[in-house]
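Number of protein chains: 2
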Amino acid sequence: MIRESIGAVPLRLRARRFRVSAWRSRVRARVPGGPALPHYISQASLHGQRGRGFYRQLVRAGTGARPGAMAEWGERLAGVHGVLLDISGVLYDGGEDGGAAIAGSVEAVARLKRSGLKVRFCTNESQKARGALVGLLRQMGFTISEGEVTAPAPAACLILRERGLRPHLLVHEGIRSEFDQIDMSNPNCVVIADAGEDFSYQNMNKAFQVLMGLENPVLISLGKGRYYKETSGLKLDVGAYMRALEYACGIKAEVVGKPSPEFFKSALKEMGVDAHQAVMIGDDIVGDVGGAQRCGMRALQVRTGKFRPSDEHHPEVKADGYVDNLAEAVDLLLLHSDK
Amino acid sequence: MIRESIGAVPLRLRARRFRVSAWRSRVRARVPGGPALPHYISQASLHGQRGRGFYRQLVRAGTGARPGAMAEWGERLAGVHGVLLDISGVLYDGGEDGGAAIAGSVEAVARLKRSGLKVRFCTNESQKARGALVGLLRQMGFTISEGEVTAPAPAACLILRERGLRPHLLVHEGIRSEFDQIDMSNPNCVVIADAGEDFSYQNMNKAFQVLMGLENPVLISLGKGRYYKETSGLKLDVGAYMRALEYACGIKAEVVGKPSPEFFKSALKEMGVDAHQAVMIGDDIVGDVGGAQRCGMRALQVRTGKFRPSDEHHPEVKADGYVDNLAEAVDLLLLHSDK
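Listed in order, the protein sequences are those of chains A and B. So that you can map any letter, position 46 of the first sequence is 46 in our numbering, and since no number is skipped, the others follow by simple counting. So that you can map any letter, position 28 of the second sequence is 28 in our numbering, and since no number is skipped, the others follow by simple counting.
With the rest of the complex left out, here is chain A (with noise of 0.2 Å):
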């Protein structure tokens, strides 16, 4: 049906003139009579080597379910040669029982090593050391090591000694080890990571007079997620807590780990793949998807995690794709980048 309204003019001036991120709501409304295109429908989030087998694709992939999105995703995809994916939400979720891995991520995650596509890590966890996290997904079934994960922790140790601060800890138990070799003698600052239950009365008030006694105050936040999904269901991620100590202290927090710029940056340069042939893979409307966009890459959304429907219609951000679960945003991976 869709295919048949837009029969009218050459598809792959079409097809290229849409704002990827709402084709949905915009086909749909366009295929009654088939009107002139808006003048919001822009070539902003199309990267790379356009049209290049487009048409055939575009037949191809019009067979589907979906045809107008599948005859998109060769456009949104060209040109990709690294992947970043997000972990938790994507690969798993979360858990007091360790969680559990997202139906098809195990199987995703090989085929896309397998498949020639630079692959690299890129999480906001901050409850677990990275060897910690490492070795729960691998027990999972994942293919994964420690090298290939960029976590904030890790980053926020090199601004630490960089910058001789000496921070005070308001981080879960598990991540603690991570600062094993930082001074952390008479602090000039204060370190808030995802503390889960630890995120105490006592322990925020604790964080927040030491901040308060400082002349100049230095407040590092490992993320700054809202929230994220566990297997019991949402909870509150390290952002909030990062704001309420903003909020107390009049201060602004220094965010290490996405949606900073700096920390996709080290990501992609660890991938060895600039940011244009790039892709990032998250649950996160804000932290990874328009984090990502902001650093010049493309971002798909998965619909697991903590994914909600209104992220769909997120004021600000746009994905450049939504995709079920990992295993899909994988099948079109395959098909349409550059391998």
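Simulated from the structure, these hints should not be mistaken for lab results. Just so you know, these numbers come straight off a predicted model, no measurement behind them. Don't take each hint at face value.
Label-pair ranges, simulated between beta-carbon atoms [unchecked claim]: (1) A:R303 - B:G250: 16 to 24 Å; (2) B:D274 - A:Q202: 40 to 48 Å; (3) A:S185 - B:Q202: 27 to 35 Å; (4) B:I182 - A:G164: 47 to 55 Å.
Every residue, glycine too, gets a C-beta built ideally from N, C-alpha and C.
Given the coordinates of chain A, work out where chain B should sit on it, guided by the hints.
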């Protein structure tokens, strides 16, 4: 010295043009040569009947330790008929042992009440029910009754009833009784107050999950204070946790209590005094001073409770005067206001 340096121009004119809030640094800066008054000095924070007996007061007050300051109090307090008193940090500092009256405050309240000025207590206290708070203050020697206190919990109950809202409460045990008559089945909003130690991760997460489960999440916050002072030190106040939930849920809380204009107006109405005839005395530069000024009142900040020296250089709010404590404020009021 100051009197000599400003003797060359009409005293009344120069004094009037001072922005009271910054009198001290500016008067000091002008001492040696008396340059022209800078453009930023305005009458913005001066109210009421100016100049009546002003010269006499200036000369008399000018013999004190801070002559310029005393000279101005007559201006600042002219036309005051009613006084709103903050409680925590002005009358007493709370604490786990029940807290302690601030030196001179018991006598100051008694003198104020005998003076003929109208007096009302305007508090954001949200850990204790109004009856318990008044009982505690009376034990300390204050002359105060429940009917003289404007507090956020009763105001919130009015709103809940008016709008058919059924709250999930994130509050301290001590104030739960204020909501005894409110339907709390199947919650369609969250009410947050200063929960103190009850701001556990579990309780915060529960409130977060209630809000995320609502189609139109409503968060009502009893005040939005950043912190307050107890005998053991500074403590995080409800505002920090309100910000955490706002950020996590992507919503904006409705604040019941200072600095909400509706709250100040209800206190003024209950006192029977117009805003321009009233002065607020508090320890919170934003919640007490800024809030009252935005309602057309004058406001003094005491250097007790949560006061910090940096408050006198707040980038947005300038009090109509800073006093060491309530006792000094009452001294000045009895000397200069219209009783």
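Hint by hint, here is what the structure shows:
Checked against the given bound of 16 to 24 Å, the beta carbons of A:R303 and B:G250, roughly 18 Å apart, stay inside it. Range check, B:D274 to A:Q202: about 45 Å between beta-carbon atoms, so the 40 to 48 Å window is met. Distance hint check: the CB atoms of A:S185 and B:Q202 are about 32 Å apart, consistent with the given range 27 to 35 Å. Distance hint check for B:I182 and A:G164: the Cβ-Cβ separation is about 53 Å, which falls inside the suggested range of 47 to 55 Å.
The structure agrees with every numbered hint stated previously.
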